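For reference, the chains in residue letters:
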Amino acid sequence: MTINTLAKGGWHREQMTCFRKMEKVIVAMQDPDMGMKMRNQRLLITVIPHAMTGRDIIDWLIQKYSICEEEALHLGGMLVRYGYIYPLKEPRSLVLRADESPYRFQTPYFWTSTRWPASELDYAIYLAKKNIRKQGELMEYEKERYSLLHKRINHTWDFVVMQAREQLRASKQRRKADRIVLECQEQAYWLINRPPVCLLHYSALLSLCVCIWLPCFQIEICRRALGRNRVKSSICLEGFVKYSEQYQNHDPIMQGCLPSNPWISDDTAHWTMNTDIVPTPTRLRVERWSFSFMELLNDSIGRREFMTYLEKEFSAENLCFWQACEEIRHGESSKIIEKVEEVYKNFLAPGAARWVNIDSKTMDKTLEGIKRPHRFVMDDAQMHIYFLMKKDSYPRYLKSDLYKNMLAKAIVPQETKKSVFPFMRRQRHSSPSPAQAITQATEEDGRAKGAGTPAVDSRQRSFKC
Amino acid sequence: MAAEKAEMDALKKECDALRTQIEAARKAVNDSSMSAASGGATAVGRVQLKLRKTLKGHLAKIYAMHWSADSRQMVSASQDGKLLVWDTFTGNKLVAVPLKSAWVMSVAFAPSGNLVASGGLDNICTVYNIKAASPKTLRELDAHTGYLSCCRFLSDTEILTASGDTTCCLWDLETGKQKVIFTNHIGDCMSLALSSDMNTFISGACDSLAKLWDVREGACKQTFSGHTSDINAISFFPSGNAVITGSDDCTCKMYDLRADQEVIGYQDTNLNAGVTSLALSSSGRLIFAGYDDFNCHIWDSLKGEKVGVLSGHDNRVSCTGVPADGMGVCTGSWDSFLKLWN
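Taken in order, these protein sequences are the chains called S and W.
Counting from 0, one number per residue, gives the positions in the first sequence under numbering that gives the first Met the number 0.
Counting from 0, one number per residue, gives the positions in the second sequence under numbering that gives the first Met the number 0.
It is worth saying that the hints were derived from the structure and are not from the lab.
Keep in mind the model is a prediction, meaning the values are calculated, not measured.
Don't take every hint at face value.
Lysine-lysine pairs mimicking DSSO-like chemistry, simulated, CA-CA at most 27 Å apart [said to hold, decoys possible]:
hint : chain 1 : residue 1 : chain 2 : residue 2
1    : S       : Lys142    : S       : Lys171
2    : S       : Lys231    : W       : Lys302
3    : W       : Lys60     : W       : Lys4
4    : W       : Lys130    : S       : Lys334
5    : W       : Lys49     : W       : Lys60
6    : S       : Lys338    : W       : Lys11
7    : W       : Lys60     : S       : Lys63
8    : S       : Lys20     : W       : Lys49
9    : S       : Lys241    : W       : Lys99
10   : S       : Lys370    : W       : Lys176
11   : W       : Lys92     : W       : Lys338
12   : S       : Lys142    : S       : Lys88
13   : W       : Lys60     : W       : Lys12
Pair by pair, the computed Cβ-Cβ distance ranges are [unchecked claim]:
hint : chain 1 : residue 1 : chain 2 : residue 2 : range
14   : S       : Met293    : W       : Gly112    : 14 to 24 Å
15   : S       : Ser314    : W       : Glu173    : 30 to 40 Å
16   : W       : Lys12     : S       : His149    : 45 to 55 Å
17   : W       : Thr41     : S       : Glu310    : 36 to 46 Å
18   : W       : Val308    : S       : Thr307    : 46 to 56 Å
19   : W       : Ala101    : S       : Gln245    : 36 to 46 Å
20   : W       : Lys220    : S       : Ala176    : 44 to 54 Å
For every residue, glycine included, the Cβ atom is placed at its ideal position computed from N, Cα and C.
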């Protein structure tokens, strides 16, 4: 047989993952211990070895993947449609019947994924073989293809006929059963990869479009991707490490939380202390405001404090403007136009009550955009004001007395003493936080080495009751 | 035919050349490795989380769950055709939403807490108002031609959906119409995650690629490859500068958005089960990844080591979630139970 291996991959890569999955199923089906039971099937007067019935296939799928009959029928049908299993009776009907109809596994040589793409030359040889073997055995669509190919690759037609004759001669020397099997396999392969015309048009059109259109699109994307700014990975990675360290104390899973984790102690004190608006926020919360500007703005109390500070500095209009823009971005579509009008009147119009200081270029662009207002029309102006506050007012706020007082006033909740309830059988012992576990271990080691007796954890004592 | 083939070949060559250049640019900025950078960080040691609560109530496999922004309520979806809204603190079921189609694959809670959305094999994303006396269907978003694999609210007026028809979509809930369609994936989109500033989102698909999209422009900004099978779960690192993905190839990977490449992979030769879901602790240090082997494994995101395991489920862990306040982690499984750990 001609082995014509054209380069794989290219635009049909996306189908390969599906093929690989189906192949996994097929390999499992052929497993000597847990796979399908095969038997010999009679086809007319010849006995075909290693065949199975449709019913067996479905039962095996149901049992192996714990699915229902409907799903198994669907899955098995896909395996047949993509050529991994082919029917022996009615080979042109690629459906899985849940009865005694015989099926066989396609040899991996003929898997679509192995031989992609199916070449014209191989197809021509196949049709020629069929034609020579039995005149008039070609179907209508095959006859059409045959004449089409004959015209297209006329220059190699002698080669085609020669190959066909060679292959027929070689096959005559095989045992009849083998010959029938090989013919079935080959026929099944070509049914999948060169299906009848009606299906062909659609798939050919699709593959043509995909082949031409997709690369142009991809090239555009690649060009844009090439031009992007890339930051050194050492800087990025350091960023992650720093972030994790900074937030470690604020991560209840890593570090526990005060006064206690509500899931463990059934005490909602932590949540009460940390609701959106409380008279005095906790210390951890106020600390977080210094981590980044967004942390401050996302916290209602933080935003309120920042507003108080800006009022002292006579630049509160910046924060008001930013908030108004946020409402436009995330609010209802129907209110966008009136909100934009409001913002223009209050913040952008010449002589406005709370005029914000934006550079002329951004101002012009925004004013143009306002003529046709949409959700993102204020984006550039909002970004400008955001960075203004971030670079200027925010650092000064963090150094201000207002912030420092807030930090000093902030509550550091006491860890609730784990009370002793003799009749409580539920776990009160919080899982040791990872950081504590290490220090505990080293402490215990130290004490053990010194005293010779293991230190008793005070928590364990109370648990003993 | 020959002319077209020649054109195709030329295009293919150009595309390959560009791809090689991109790879070279990525290599050029890759001057460090995560193990080097995290060498100084303190080790996490063995993380042993205890099971605190088991939420029983579903009658069939649980496919999805999502925490509310208040970190107390949670919604879960099961193929028994119900959405249940839980008060995780008391363990009570607050609302039960009967679904028209039992084949649900995804569920989401709106940040306001007023709405929940769900969708699945019916290709429709249904949004319910759960604050009404009895849960009312607010909208049925019907335009996808494939199953709904994931949905996330931006606000009470906008929602993002990912679908098996390879597209993601931004919908306007007031009109019920599609606003932006994000097309670029060539395989079923399996999951998506929204950035905290809601300007971008990431999606993972069966083409083994993760893509970053700009919500405003509707365009794909970055693509990350490296996985060899479907990406089932995706999440942002809390700082917003990295993306963590979990895949059927049994590995998780972290991709840096600014360096535009993979920085570390989380794999173990003994782990031969695909990743179904993942969630990060609030500092980003711990990754909770649910696997097909019925466990949820815990990874140290900086050191790349496995530091713990949550076992207790009797079937595959299908969904994982950490609430906004980081109090613990919730795992949902095909054994119909939700478990809370910390």
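A quick look at each hint next to the structure:
Note on lysine 142/S and lysine 171/S: the hinted pairing holds, with a Cα-Cα distance of about 24 Å set against a maximum of 27 Å. As the CA atoms of lysine 231/S and lysine 302/W are separated by approximately 19 Å, the hinted pair is consistent with the 27 Å bound. Taking the CA atoms of lysine 60/W and lysine 4/W, the gap is about 50 Å. The hint is violated against a cut of 27 Å. Proposed proximity of lysine 130/W and lysine 334/S is supported: the alpha carbons are some 23 Å apart, at most 27 Å.
With a C-alpha separation of about 23 Å, the suggested pair lysine 49/W and lysine 60/W falls inside the 27 Å cut-off, and the hint holds. With a CA separation close to 49 Å, the supplied pair lysine 338/S and lysine 11/W exceeds the 27 Å bound. Annotation: proposed proximity of lysine 60/W to lysine 63/S holds, straight-line Cα distance about 18 Å (limit 27 Å). Restraint check: the Cα-Cα separation between lysine 20/S and lysine 49/W comes to about 37 Å, which exceeds 27 Å; the hinted pair is violated.
Of the pairs offered as hints, the one joining lysine 241/S and lysine 99/W is violated, with about 47 Å between alpha carbons and a cut-off of 27 Å exceeded. Straight-line distance between C-alpha atoms of lysine 370/S and lysine 176/W comes to about 24 Å, which keeps the hinted pair within the 27 Å bound. Distance check on the hinted pair: lysine 92/W and lysine 338/W sit about 14 Å apart at the alpha-carbon level, within 27 Å; holds. For the hint pairing lysine 142/S with lysine 88/S, the CA-to-CA distance comes to about 23 Å; that is within 27 Å, so the pair holds.
Among the hinted pairs, lysine 60/W with lysine 12/W is inconsistent with the structure: their alpha-carbon atoms are about 48 Å apart, more than 27 Å. Taking the beta carbon of each, methionine 293/S and glycine 112/W are about 22 Å apart, inside 14 to 24 Å as hinted. In this structure the supplied range 30 to 40 Å holds for serine 314/S paired with glutamate 173/W, their Cβ-Cβ distance being about 35 Å. Lysine 12/W and histidine 149/S have their C-beta atoms about 32 Å apart, which leaves the hinted 45 to 55 Å range violated.
Our hint of 36 to 46 Å for threonine 41/W and glutamate 310/S holds, since their Cβ atoms are close to 42 Å apart. Between valine 308/W and threonine 307/S the C-beta distance comes to about 48 Å, which sits within the given range of 46 to 56 Å. One distance hint, 36 to 46 Å for the beta-carbon pair alanine 101/W and glutamine 245/S, holds here, with the actual separation near 45 Å. In this structure, lysine 220/W and alanine 176/S break the distance hint of 44 to 54 Å, their C-beta atoms being roughly 59 Å apart.
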